[in-house]
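Each chain, letter by letter, is given below.
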Amino acid sequence: MVAYVLIAVAAVLFGLAYADGYGSLAIHPMDQFEVKPLFGDGPIHWYTPTNATLWMGLAIAAIVALMVMGTKGRAVIPSRSQSMAELAYGFIRKMVEDVAGKDALPYFPYIFTAFLFILFANFLALIPTSFSPTSHIAVTVILALTVFISVTVIGFVKNGAGFLSLFWVSSAPLVLRPVLAIIEVISYCVRPVSHSVRLAGAVMAGHAVLKVFAGFAGALGLAGIAPVFGVIAIYGLEVLVAAIQAYVFTILTCVYLKDALHPHH
Amino acid sequence: MAEVASTGAAAGGEAGIPQLAFDTFPNQIFWLVVSLVAIYFILSRVALPRIAAVLAERQGTLTNDLAAAEDLKRKAVEAEAAYNKALADARTEAQKIAEETRAGIQADLNEAIAKADAEIAAKAAESEARIAEIQAGAVQSIEEVAKSIAGDIAAAVAPGASVDADAIANAVSARVKG
Numbered sequence: 000m001v002a003y004v005l006i007a008v009a010a011v012l013f014g015l016a017y018a019d020g021y022g023s024l025a026i027h028p029m030d031q032f033e034v035k036p037l038f039g040d041g042p043i044h045w046y047t048p049t050n051a052t053l054w055m056g057l058a059i060a061a062i063v064a065l066m067v068m069g070t071k072g073r074a075v076i077p078s079r080s081q082s083m084a085e086l087a088y089g090f091i092r093k094m095v096e097d098v099a100g101k102d103a104l105p106y107f108p109y110i111f112t113a114f115l116f117i118l119f120a121n122f123l124a125l126i127p128t129s130f131s132p133t134s135h136i137a138v139t140v141i142l143a144l145t146v147f148i149s150v151t152v153i154g155f156v157k158n159g160a161g162f163l164s165l166f167w168v169s170s171a172p173l174v175l176r177p178v179l180a181i182i183e184v185i186s187y188c189v190r191p192v193s194h195s196v197r198l199a200g201a202v203m204a205g206h207a208v209l210k211v212f213a214g215f216a217g218a219l220g221l222a223g224i225a226p227v228f229g230v231i232a233i234y235g236l237e238v239l240v241a242a243i244q245a246y247v248f249t250i251l252t253c254v255y256l257k258d259a260l261h262p263h264h
Numbered sequence: 000m001a002e003v004a005s006t007g008a009a010a011g012g013e014a015g016i017p018q019l020a021f022d023t024f025p026n027q028i029f030w031l032v033v034s035l036v037a038i039y040f041i042l043s044r045v046a047l048p049r050i051a052a053v054l055a056e057r058q059g060t061l062t063n064d065l066a067a068a069e070d071l072k073r074k075a076v077e078a079e080a081a082y083n084k085a086l087a088d089a090r091t092e093a094q095k096i097a098e099e100t101r102a103g104i105q106a107d108l109n110e111a112i113a114k115a116d117a118e119i120a121a122k123a124a125e126s127e128a129r130i131a132e133i134q135a136g137a138v139q140s141i142e143e144v145a146k147s148i149a150g151d152i153a154a155a156v157a158p159g160a161s162v163d164a165d166a167i168a169n170a171v172s173a174r175v176k177g
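Protein chains in written order, with numbering that gives the first Met the number 0: chain W, 0 to 264; chain X, 0 to 177.
Treat each hint with caution, since some may be false.
What the hints assert, rightly or not - Quick list of simulated restraints, FRET-style, between CB atoms: (1) X:Arg73 with W:Ser164: 36 to 46 Å; (2) W:Val254 with X:Val36: 41 to 51 Å; (3) W:Thr128 with X:Tyr39: 25 to 35 Å; (4) W:Trp167 with X:Arg73: 26 to 36 Å.
Said to hold, decoys possible - Simulated pairs of lysine to aspartate or glutamate, DMTMM-like, Cα-Cα distance not exceeding 20 Å: (5) W:Lys35 with X:Glu56; (6) W:Lys71 with X:Glu56; (7) W:Lys93 with X:Asp22.
Since the hints were made in silico from the structure, they are not lab data. C-beta atoms are modelled at their ideal positions from N, C-alpha and C, and glycine is treated no differently.
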């Protein structure tokens, strides 16, 4: 992920630098992330339907198509779409059960919601000229904070003050424990940051790099065939990243939930 | 650069990075929450119960089918045992019938032999009686012939002499019996 961010930053600087000097090489890799009103050109209020609204709505539509329309048959021998829906269901359910334990299953619907939202937002964002909601810090921070706050509340509700034993490493020597506790608390509080920046950074970096390569292809004329191969290669990587980031976000959620339900080391 | 800056400025961003255009945050957060709530209700009210029901039904069907297969297998084993038993029964029955038939034939045969023996014995006794009768008859005939011949011989040897018929008869009878 760090590599991606570096690449993205380099690409952005590269594009901007050239955009100054040569009009033909004006690449704007970040324009694709702009939030714009769907209708008209007015200011963006909190309720204005924007391209973010559109692509989140399309993600909902895709989820409905797979999970509701796809399972319409309720067949014992599933159709292809029902099989996919069951696969996704079984995959996340098993992950929650294996990582966070059986008592985490009541939270499975929300974890599955987050997984499907990120997965479909990521995949839909791979359509050219689309908008990627998950590339925005605003979105991923809310997703991560929801997990962080819920997990902390669940931890205290389920364990009371015993939840604090998560920070008290009882296997360490007594003198070290206060120091470790401080480190543990800091690492605990940093969780939502890494949780959200990982997702937004990976998606943003990948898409920016794609845009930069595409800009080269447009600017280089006939020689532009070379960057097209770069675009193809990175696009393949991005498909992988789209799925992996959804997976990573979900499994980290499960890990945090496990800490809340079973805080004792 | 001027264009980037202006579009960035239009979105309210700093240095043209739309992710940091804070004035779009309320909008994105609002629509994100709406989306998440919508997905959550669609999943928890419709999709998840449906999939759980389908999976449970499939598990039930599998269990039932396996049980049915087990049942059928048990029945097949039972049927084979019954067949083997029937075969063994039939074999002993056949043996019994053969034995009975053989005993019956033997009894009939014995009876027939006994009957034949009795008949043979009766016939033999009858024949013996007749033989004895014939013998007796023959002896008597011989005696009579001998008496007659003896009388004739006596008359021929001593013609005119009175011959006692009874004496001759006694003498012949004595000789024949001797």
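For each hint, the structure was consulted:
1. Distance hint for arginine 73 (chain X) and serine 164 (chain W): a CB-CB separation of about 55 Å, inconsistent with the stated range 36 to 46 Å.
2. Between valine 254 (chain W) and valine 36 (chain X) the C-beta distance comes to about 25 Å, which lies outside the given range of 41 to 51 Å.
3. Checked against the hint of 25 to 35 Å, the C-beta distance between threonine 128 (chain W) and tyrosine 39 (chain X) comes to roughly 29 Å, which is consistent with it.
4. Under the hint 26 to 36 Å, the C-beta atoms of tryptophan 167 (chain W) and arginine 73 (chain X), about 59 Å apart, miss the expected range.
5. Restraint check for lysine 35 (chain W) and glutamate 56 (chain X): not satisfied, since their Cα atoms lie roughly 47 Å apart, outside the 20 Å limit.
6. Of the pairs offered as hints, the one joining lysine 71 (chain W) and glutamate 56 (chain X) holds, with about 15 Å between alpha carbons and a cut-off of 20 Å not exceeded.
7. Under the criterion of a C-alpha separation no larger than 20 Å, the hint pairing lysine 93 (chain W) with aspartate 22 (chain X) is inconsistent with the structure, at around 40 Å.
Checked against the numbered hints above, the structure violates hints 1, 2, 4, 5 and 7; every other hint is satisfied.
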